[in-house]
Amino acid sequence: MTNKTLTALALAGIASAALATAVMAERGPDGGTRGGMMLQQFDAIDADKDGKLTEAEIASFRDARFAAADLDGNGSLSAEELSAMQMAQMQARMAQRSQRMLERLDDNGDGQLSAAELAAMGKRQSPFQRADADGDGAITKAEAETALKKMGDRSGRGGKHGKHGGRDGDGRGWWWMDAN
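Residue numbers (the working numbering): 55 to 234.
Don't read these hints as lab results, they were simulated from the structure.
Watch out, some of these pointers could steer you wrong.
Said to hold, decoys possible - Below, in silico cross-link-like pairs of lysine-lysine (DSSO-like), each with a Cα-Cα straight-line distance of 27 Å or less:
#	residue 1	residue 2
1	K177	K204
2	K177	K195
3	K177	K203
Sequences and hints are given; from them, build the entire structure.
This is the structure:
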């Protein structure tokens, strides 16, 4: 392939990724389906802060992301620049995931996870056990609704879930709650 073709493919890929980021719900930083990348970056994309995204704002956001990734300013992205961009995005996701782990697992509130706190992570209740509020080994419709509402409240989605029912706070799937 020629350099021109590679550059065009790289630009098309970045444009597609940026547009997808802006217009569709995506997996959250830790792999869960908690809101989309669009919601996470909505305010950054909404340049005039009117609460709406226009095609021009999305294009501007995409262009700014490209310019930030084009470290040498030559108008194209090398493999090294693409790798650096992806690494920075991955590091940001991992920092967010680590913060959420601390919020969930740091029982003594010291901002760090001890070996005991990490070991306790494996002993937490399963999603089924948490939903079974009365501990009778079965989940009533009311218990399921309460569990899903709590999960939605934690994720900031108000209890709205995708086809597979979303994920619980420990990152395990709620597939067992979805009849479809």
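Open item on the list: Need the list of violated hint numbers for this structure, in ascending order.
Closed with: Going through the list in order, the structure violates no hint and respects every one.
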